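**Q** So you can see what is in the structure, the chains are spelled out below.
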Amino acid sequence: MLGRTIFIDPGRCIGCQACVSACRECDSHRGKSMIHLDYTDEGRTVASLPTVCMHCEDPVAPCAEVCPAEAILITADGVVHEADPTRCIGCANCVNACPFGVPKIDLAAKLQMKCNLCYDRTSYGLAPMCATVCPTGALFYGTAEELQAERPGVDVSTEFVFGATTVSTGVAMVVPPERQAPVPGGLLNVIEVNGRSTPGNG
Amino acid sequence: MAATPPPPGGSPDGSAGGSSAGDGPPPYRRGAVPAETRPDVTTSPAGRASMVAGAASVLLIAAILLGSRELRDFDSALVPYAVATVFLTFGVVYRYMMWISAPAARRMFREGWAAALSWENLKRSPTALPRMAATYLGFQKFLGARSHARWAAHQLIFWGCLSAAVITFPLTWGWFTFTAAGATGPGYEMRLWGVKLFGFDSGSFFGWALYHGLDLAAVMVIGGVGYFLWRRVRDRAATTGQRFGYDFLPLLALLTISVTGLLLTFSEMFLHGGGYEFLAILHMASVVLTLVYLPFGKFFHIVQRPAAVGMQLFKYTARRKGSDAEELRACRRCGQPIDTAAAVDNLRATMRDLRLGFDEWAEYCPRCKRVLRGTAYLSDVKRGFK
Chain X
1 MLGRTIFIDP GRCIGCQACV SACRECDSHR GKSMIHLDYT DEGRTVASLP TVCMHCEDPV
61 APCAEVCPAE AILITADGVV HEADPTRCIG CANCVNACPF GVPKIDLAAK LQMKCNLCYD
121 RTSYGLAPMC ATVCPTGALF YGTAEELQAE RPGVDVSTEF VFGATTVSTG VAMVVPPERQ
181 APVPGGLLNV IEVNGRSTPG NG
Chain U
1 MAATPPPPGG SPDGSAGGSS AGDGPPPYRR GAVPAETRPD VTTSPAGRAS MVAGAASVLL
61 IAAILLGSRE LRDFDSALVP YAVATVFLTF GVVYRYMMWI SAPAARRMFR EGWAAALSWE
121 NLKRSPTALP RMAATYLGFQ KFLGARSHAR WAAHQLIFWG CLSAAVITFP LTWGWFTFTA
181 AGATGPGYEM RLWGVKLFGF DSGSFFGWAL YHGLDLAAVM VIGGVGYFLW RRVRDRAATT
241 GQRFGYDFLP LLALLTISVT GLLLTFSEMF LHGGGYEFLA ILHMASVVLT LVYLPFGKFF
301 HIVQRPAAVG MQLFKYTARR KGSDAEELRA CRRCGQPIDT AAAVDNLRAT MRDLRLGFDE
361 WAEYCPRCKR VLRGTAYLSD VKRGFK
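From first to last, the protein sequence lines stand for chains X and U.
Using the numbering used here, you'd call the opening residue of the first sequence number 1 and step up by one each time.
Using the numbering used here, you'd call the opening residue of the second sequence number 1 and step up by one each time.
Note that these hints are calculated values from the structure, not bench results.
Among the hints, a few may not be true.
To be verified - Capping the alpha-carbon separation at 20 Å, the derived lysine to any residue pairs in SDA-like fashion look like this: (1) X:104 to X:17; (2) X:32 to U:382; (3) U:382 to X:184.
Note that this is a predicted model, so its numbers are computed, not measured.
Use the sequences and the hints to build the structure in full.
**A** As structure tokens, this is what we get:
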């Protein structure tokens with residue numbers, strides 16, 4: 001069941017980077033931000049997309065599955081943790097396997113780092129740093145019912161399609177209410193967006 | 001509108017929600033893979049691991065028997081230690097076999113050893129393997145990039161434990177013996193498997209250091225453990241998510257071994273052996289329990305860490321096969337290098353082993369993956385998102 005988690009609504013994101021700054025304050029990776037904020041079509045739209053770890057549930061944590069050093073722990077509450085520094089060998093398998101593009105790697109320190117849902121806070125019932133500071137509610141922490149009580153008429157999805165594979169996640173995205181299909185993970189050969197051709201795709 | 005979130009895990013039988021017959025192939029879900037396409041597992045990994053671990057234990061027992069010259073040099077007071085090393089061997093080999101039976105570790109294990117044992121690699125770059133072993137295993141340069149203090153403390157623990165193991169394991173197996181060179185003089189001889197290695201004066205500094213090697217090791221370990229215990233209590237990054245069994249117990253075990261070991265020397269030197277028997281049993285119990293615990297907790301990283309050398313060597317040799325540009329795989333969208341071609345191919349094969357059907361995404365850099373998803377959200381989910 002979808003319990004208390006992060007709900008991402010890119011439609012509300014104004015790209016202010018408050019979440020990026022707040023993430024740096026998280027005790028488990030102090031000084032380094034684990035949230036990604038991408039301007040998807042920079043120069044043409046102001047659209048931006050915040051990305052936290054989606055805490056994949058099915059298949060459970062592909063990053064952990066491809067780790068050759070058994071370094072990525074998943075706790076019983078479904079949180080996929082950053083690599084155990086004792087075990088991580090810095091091979092970057094997790095970085096390249098994650099379909100959401102979440103984990104970061106420090107090659108000199110041979111250490112992977114990623115969002116752990118601010119475990120020092122969420123395990124005590126507090127909201128993660130990013131959701132605490134987001135001024136527009138693009139990052140919301142709570143239950144689906146709490147979100148829908150605040151925002152009538154929205155639905156959420158925890159299913160993402162990558163090619164022929166559907167990935168179910170512990171973190172959800174806000175979708176329009178009439179939408180039934182899973183959220184697309186992205187098309188690998190995007191030819192055009194909103195009627196314009198996209199340069200540089202494979 | 002009362003919206004309902006979809007169940008995150010799909011239906012219990014593994015069938016994919018949201019797909020319907022006639023819409024083409026259903027979304028690929030691991031639970032829905034037909035039984036006939038699953039890999040044929042004729043031998044269970046646990047059974048194979050038990051056999052190999054049992055064989056390794058028998059080999060060690062044989063080595064103890066032979067090395068101690070059919071127990072002539074075996075010190076019966078050290079039997080519990082020797083038995084613990086047999087259990088340790090079984091546990092470590094069993095755990096190691098189970099570890100490398102998982103797809104990701106198995107592939108990295110094969111590639112790492114293939115790179116290490118390749119004659120071609122040795123000819124082209126003879127210093128690569130020893131250099132990387134010294135960097136990653138001996139001096140642990142990567143720890144310095146994480147924190148200089150942690151590097152220094154870990155070096156103390158590492159060299160302390162290593163020297164203690166080198167001294168004690170052969171002693172408990174009856175491989176090392178010390179015999180008097182003559183009836184009158186201070187000369188001693190150190191023997192391995194009954195063969196004289198060297199002689200020394202027991203009153204010299206070398207003799208003192210040799211007999212107090214474990215005390216010196218204990219002082220080093222206590223220094224390192226002290227820092228890490230302080231960090232476990234005070235450092236906010238370390239305290240997040242730490243667990244007693246995984247993070248504290250190994251430190252407390254090393255501390256107990258070191259302190260009780262030093263107390264044995266203290267008892268001998270200053271108490272005329274007072275409390276020695278109790279301390280000896282306490283020390284033995286702490287060592288035996290630690291050795292038996294080694295394969296299961298944080299200590300197993302000692303066995304896993306050489307994988308870093310194999311991984312690094314695998315990537316290094318892949319880069320050197322041709323020109324760098326040819327052997328690096330670039331993101332198919334933005335052209336930024338991702339990893340060596342061999343590493344990306346190895347990962348994609350691992351993902352296919354694991355039935356993660358999106359291995360093609362491994363050829364895109366993390367940022368492009370996020371941008372592609374954002375672009376799809378923009379054009380397919382919420383057109384107002386612009």
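**Q** Next step is simple, just say for each hint if it's right about the structure.
**A** Now for the hints, and whether the structure bears them out:
| no. | hint | in the structure |
| --- | --- | --- |
| 1 | X:104 to X:17 | holds, 18 Å |
| 2 | X:32 to U:382 | violated, 31 Å |
| 3 | U:382 to X:184 | holds, 11 Å |
Hint 2 from the list above is the single one not met by this structure.
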